[in-house]
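Enquirer: Sequence:
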Amino acid sequence: MSPRKSVAEARRTRERIKERGVAIASVEGLEGLTIGRLATDLGMSKAGVLGHFGTKQALQLATLDAAAAAFSRLVWEPADGAQPGLPRLRAICEAWITYLETARDTFPGGCLFTTASIEFDARDGLVHDAVARLFAFWRRRLAAEVRTAVAAGDLPADTDPEQIAYELVGLYMALNQEIQLFAAPEAAERTRRALDRILAPR
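The number in the numbering used here is simply the position in the sequence shown, starting from 1, with 260 added.
One or more of the hints may lead you astray.
To be verified - With a Cα cut of at most 20 angstroms, we get these calculated EDC-like pairs of lysine to aspartate or glutamate:
hint, residue 1, residue 2
1, Lys316, Glu279
2, Lys316, Glu427
3, Lys306, Glu291
4, Lys316, Asp301
5, Lys316, Glu275
Claimed, not checked - Quick list of simulated restraints, FRET-style, between CB atoms:
hint, residue 1, residue 2, range
6, Ser266, Arg333, 25 to 33 angstroms
7, Lys306, Arg457, 26 to 34 angstroms
8, Glu269, Glu361, 30 to 38 angstroms
9, Ala434, Arg400, 17 to 25 angstroms
10, Ile458, Thr358, 29 to 37 angstroms
11, Ser266, Glu449, 46 to 54 angstroms
12, Ala342, Asp384, 35 to 43 angstroms
Derived from the structure by calculation, the hints contain no laboratory data.
Predicted model, so just to flag it, every value in this text is computed and none were measured.
Beta carbons are placed, not taken as given, at the ideal position from N, Cα and C, and that holds for glycine.
Assemble the whole structure, with the sequences as input and the hints as a guide.
Expert: Right under this line is the structure:
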């Protein structure tokens with residue numbers, strides 16, 4: 261086997277491990293993500309899985325990175341072509357609803373980040389810090405989109421972007437709960453009605 265082929269196969273194996281890790285963690289949490297479970301699910305040896313990540317914590321962090329890339333692909337990227345301002349912000353919000361309703365292949369247990377934020381909110385350590393950084397980054401990005409909408413005249417000049425971002429994150433965490441815990445068929449529509457109030461061009 262050529263060195264190039266060996267490197268490519270190692271990369272593919274690492275991606276398979278992370279993909280399966282995301283699926284498991286969305287259901288069982290990042291603490292439920294074990295080397296043994298992944299080895300069994302993927303038909304690998306424990307040493308084979310461990311060789312790619314070294315420690316459980318490294319595996320958890322890599323899983324978060326993979327989930328963040330999927331979230332970006334499913335929520336942020338679909339809105340890239342929308343008009344800057346309220347149209348793009350609304351497109352992001354609608355993609356976020358779709359992500360929570362339909363992304364079962366990637367996140368069979370719902371939003372991994374909602375799960376991780378509850379699982380690690382009272383813990384110290386690198387995984388806690390990574391989850392907090394991701395939420396903070398997305399809140400800053402939402403606030404930036406709100407500022408763009410204000411600058412475009414789509415929202416009032418006295419709009420508080422940080423407050424809007426805070427409310428949007430809370431709304432989507434509630435939507436994830438309604439879908440996962442209650443299987444509420446009206447959850448998406450309730451979310452859209454809440455969005456109409458939060459993003460109303462008063």
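Enquirer: Hints first: check each against the structure and report whether it holds.
Expert: Going down the list of hints, with the structure as the test:
| no. | hint | verdict |
| --- | --- | --- |
| 1 | Lys316 with Glu279 | holds (15 angstroms) |
| 2 | Lys316 with Glu427 | violated (34 angstroms) |
| 3 | Lys306 with Glu291 | holds (17 angstroms) |
| 4 | Lys316 with Asp301 | holds (16 angstroms) |
| 5 | Lys316 with Glu275 | holds (16 angstroms) |
| 6 | Ser266 with Arg333: 25 to 33 angstroms | holds (28 angstroms) |
| 7 | Lys306 with Arg457: 26 to 34 angstroms | violated (51 angstroms) |
| 8 | Glu269 with Glu361: 30 to 38 angstroms | holds (35 angstroms) |
| 9 | Ala434 with Arg400: 17 to 25 angstroms | holds (21 angstroms) |
| 10 | Ile458 with Thr358: 29 to 37 angstroms | violated (18 angstroms) |
| 11 | Ser266 with Glu449: 46 to 54 angstroms | holds (51 angstroms) |
| 12 | Ala342 with Asp384: 35 to 43 angstroms | holds (39 angstroms) |
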